Every structure is written in C-alpha cells, then in structure tokens.
Amino acid sequence: MPAAGFVVANAFYPNQQELVMMMVYLALAQGINVIYGFTGYLPFGYVGFFGAGAYGLALSVLYLHVPAGVGLLFAVLAAVAVAALLFPLLRLEGVYFAIASLAAAEALYEVISNPSLAAVTKGPYGINLVSAYNANASFVAAVALVAVSMGIVVYLRTSRLGLALRAIRSDAVSAEFAGINVVQRRTVAWLLSAAMAGAAGGTFAWYTSTFYPGAVFDSSISIFAIVFALFGGVGTTWGPALGAVVLFGVYNAVGISQPQYFQLIYGVLIVLLVLFLPGGLGSLVQRLAPRWRRLRRTPGRGPEALPGVGGPDG
Amino acid sequence: MAEPLLLVSDLTKNFGRFCALDGVGLDLGAGEVVGLVGPNGSGKTTLINVVSGLYPPTRGTVTLAGRPVHGGAPHTVVRSGMNRTFQIAKPLGGLTVEENLRLAGASAGHRPLPEGDLLQLVGLSGLQGRVAGSLNASQQKRLDLARALATGPRVLLVDELGAGLSPAELDQAAGILRQLAEAGMALLVVEHLMGFLAKVTRAVVVLNAGRQIFRGDLDQAVQDPEVVRVFLGG
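For the record, the sequence lines run as chains W and H. Numbering that gives the first Met the number 0 applies: residue 0 is where the first sequence begins, and numbers increase by one. Numbering that gives the first Met the number 0 applies: residue 0 is where the second sequence begins, and numbers increase by one.
Derived from the structure by calculation, the hints contain no laboratory data. There could be a bad hint or two in this list.
Calculated Cβ distances over 10 Å to all of chain H for the following chain W residues [what the hints assert, rightly or not]:
1) V6
2) L91
3) A146
4) M149
5) Y154
6) R165
7) F176
8) S208
9) D217
10) V245
11) L276
12) R286
Now the in silico label distances, taken between C-beta atoms and shown as ranges [what the hints assert, rightly or not]:
13) H:P67 with W:Q183: 19 to 25 Å
14) H:A162 with W:F86: 37 to 43 Å
15) H:N39 with W:R90: 28 to 34 Å
16) H:Q119 with W:G4: 45 to 51 Å
17) H:T11 with W:V182: 23 to 29 Å
18) H:G30 with W:L160: 51 to 57 Å
19) H:Q171 with W:A288: 54 to 60 Å
20) W:L160 with H:P67: 27 to 33 Å
Just so you know, these numbers come straight off a predicted model, no measurement behind them. In this text, a Cβ means the ideal position worked out from N, Cα and C, and glycines have one as well.
Could you build all of it, start to finish, from the sequences and the hints given here?
Below you can see the structure in the form of structure tokens.
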C-alpha cells in the first residue's frame, strides 16, 4: 500500500528525488524497526550497512559490469558481509552496542575512503555511475524496496520468528528456556536489518549515480533513520513508515529552505514525543482505536455521547 | 535398575577462585521427586543454573535419558526434555500469556498439555490475553511454571516455587507438583519452606558450601548432626 502511494505520488509530485529519498529513509526506518523494535539493539552505526550497500552496487557495476538491477543484489551481499563481520558486536548490550556499531561504521568509512585504496574503492574521490543512471528503473527499485521492507515487517509481526524476537527483547534468558535459540534468531534479525539498509544504500547509489564516501557514510543518516522509526513507533508495522513520511516531509518543507528553523522544529517535535508519546505515533493510533470503536457503537446517541469519550480512562 | 532419567555426576562450578559447586552427584528417575535444601549460598540455584545449561560446568557431566546435555545452551537442554522455573519469575513480560505458552509449546521436546489445560492446571484460566508483565507476582510464578511445562519436559527443576505464595497458594502449588510427579515427571525441587516441601516429597538432598552433605529421608535429615549444625550453627 505505501509502495502504491509512492507510485501515485510520482505522477503528481514533481520532485522525484525527494520521493526516492523518502522511500530510502522509509526502508532504513523499517530496518531500524527490525533490529531495534524487535530485538532491542540500537545501532548508531546503522549507516555502515547503507554505505556498504551503496559501494556494493557501485563496485559491482564498475568492475563486474553487471546491470544496476543485479548490482542491488551485490549491495545486499556487501551489507550482509559487513554484518557477518560484526557478529561479535551482538555480545554487547545497550549503549555499548550502540557506540561500538558507530565505531564500526566509522572504521568502514575510513577504509573505503582511504586514498591508498583508490584503485579499488576510488577512495575519497567518489563514485561516478552516470553510465548506469536510469531514473525510472531506479525509481521502480525504490518502490520495490518499500514494498519488500514493509513485507518483512508484516512477516515479523505475524510469524513465529517475530514472536521469538519479541520474546528475546523481553528477556533473553527466559526466551532460551522457552526453547528459542537466542543467538541464532538474533543473528537472523541482524542480517535481515543489514540487508534492508544495504538495499536502501544500493538504491540510493543507483538513483544518485555520483556520490562521495562521506555522503553514504554520513552518521546523520543513522540518526534520521532512528528518529523516524522512534517517532512513528518501533515494534509496529506502520509506525516507522509514518515517521519517515511525516518527518522527512517536514524536513523537506522547512529543512532545506530554512535550516535554522528546521533544527528547532525537529527538536521540539522530538521533545514532545518523548514527553507525551514515548511509544511513537503508532501508539496514538492504538490508544485512540478503542475509543473510535466505542464511538461507532453508540450511533444513536450522537454528539451527546462525545463528552464521555474523553472520560477519566483517557 | 533402569538408567535414571537425570544423572548428574561430579558437577563442579567455579566462579573465578570461588567454588560454588564441588563435585555434586545426583540422580532422578521418572516420577521421582527430590527436594534440594541447604542454607543461603550453599549452591542450590547454581546447581539448577548449571544443570539447566544457563552456566557451563567447570567439571562434571549432566545426562538426560542417557544423553549428555552439559555445555549446551539452555534451548538445547529444553528441547531434549528438561526445563526449569525461576526463584523470581521471569515470564516474557512484553508478550501475552497466550503468546508465552504458544512460543514455548512450539519448541516442545515432547508432547505437552494443550494450552487450555495448562492454564487450568496453574490457575490462570481466562488470562490468556493479558500481557505477562501486567500480572501480579503470584500469577507470574504460575506463568513461569506453565511456560516450563509447555515445553513438555520430562525433568523439571523447580527453584523456590513456594517463596512469596500465600498458604492457600502453597497447597495448590504442592498439589500441582504431586500431580506432575504422578504423571511421570521427575522433579528436583529447591525449597526453603520445609512445610511446603514435606507436602511434595520425603526425599531430600542437603547441600552446604557447594557439597552434598546428606541424602535421604526428610525426617532423618533433621536428626543428622551435620545438617543440624549447618542450619542452626554451632
């Protein structure tokens, strides 16, 4: 459904690049949802997988001469390989994990942008994929990215894997004694989340076609994805998607024309959210849904039923 | 005699230079209930933690129906047919009661009771939809027990089920444990409440400072000079 929304929006909205970026962020926010919302690991260095994906696509197109669509597979592979290399991080918890993942992303950035590796990675001089540029095809890839990332979250919300991950987030020891292979399930979530960021990075690289390493390893990408996911509400299907659309929309409305206000508006939004809606926008829907149902169940009483709606229980 | 269901031999666990378990041996047959008693810090919970796979042993073996299970992660122990409860209940707080049991039942080693029967057994009928974290302490203990039972264990390690329960709940809990034993389950019951334990079994093992100092009937235990010295000092 959100994927279809973007297709329709593309027909009416002139700024396609903005739409693609919104879709990329939607996928990243859902990737954060998978690893944080379902397992409780908050990766500040999530951008590392995004960058790995961007370079996975770029290098496979440049050196293996594969079509960019196939390059997306290499994007996913590159991110998954980085995630596999970082398995030991999962032994850490909470803030230690967050910081270690940030350090790992920075390390990856330093390696890729290193001038000594310019022969392979083009080092700090950036990537040029203009020969593979195809706005329509990469837009379609972004739409597919949204559909797949939504599909993954829907699957986790309804499958035994998702239930197992929520159990692990609740209490890893008890989850073991419910018969769950905690290490294995966590690993699956970690790889899945990395793959989503890798695909997002590859899509970004394809659509943008020229970029510097600093652009795809920019730590503000992690922060944006995390904020979007938290704003909408992690652990839900729609929260992170909603967060990405709303906040990225706000960013584009005010962030680019008036960057000084944008910081302020973002700050205020996040403070309000933490104070009044710690569960994210999604939790608002959950809170209001029962009241809405109650409202509809008493149609005959009309407006006079309304005062009771905001009663003591709400 | 047939091979025991659970056989623990020479089990030793060191934490750094501290020896929490020192060569403990134990065996349990189907339907057998053994109480594990001892003063605080004698190694009762450590024994359960090592036997259930939460900690690897420093030395010694644990076999379940002839198959070694020591050194494996808890989920492998669970899948081979042994589970445990916790002194302070640890239900999966973010999940509903029903989800707790469904998840545990999905990885059952042996055919468990249906969820409805389990809930009825532990007295949680009608609470399937409740989020486990919102249950009270006694209900969380029941859920902890039900979660363990949902995995269909043949051996159940019960860590202080009685602690914090009311007298009526204690009777009920003792009844549940007797019922499980009658159905053929082997139970190792760590307990501080001797009155409660006596309602479940006469057979006890007494630990002190990580060593077994007595094994036999509860009545003889209270007359054993070393047991008396350990519990009453002097």
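Broken hints, by number: 6, 7, 18 and 19
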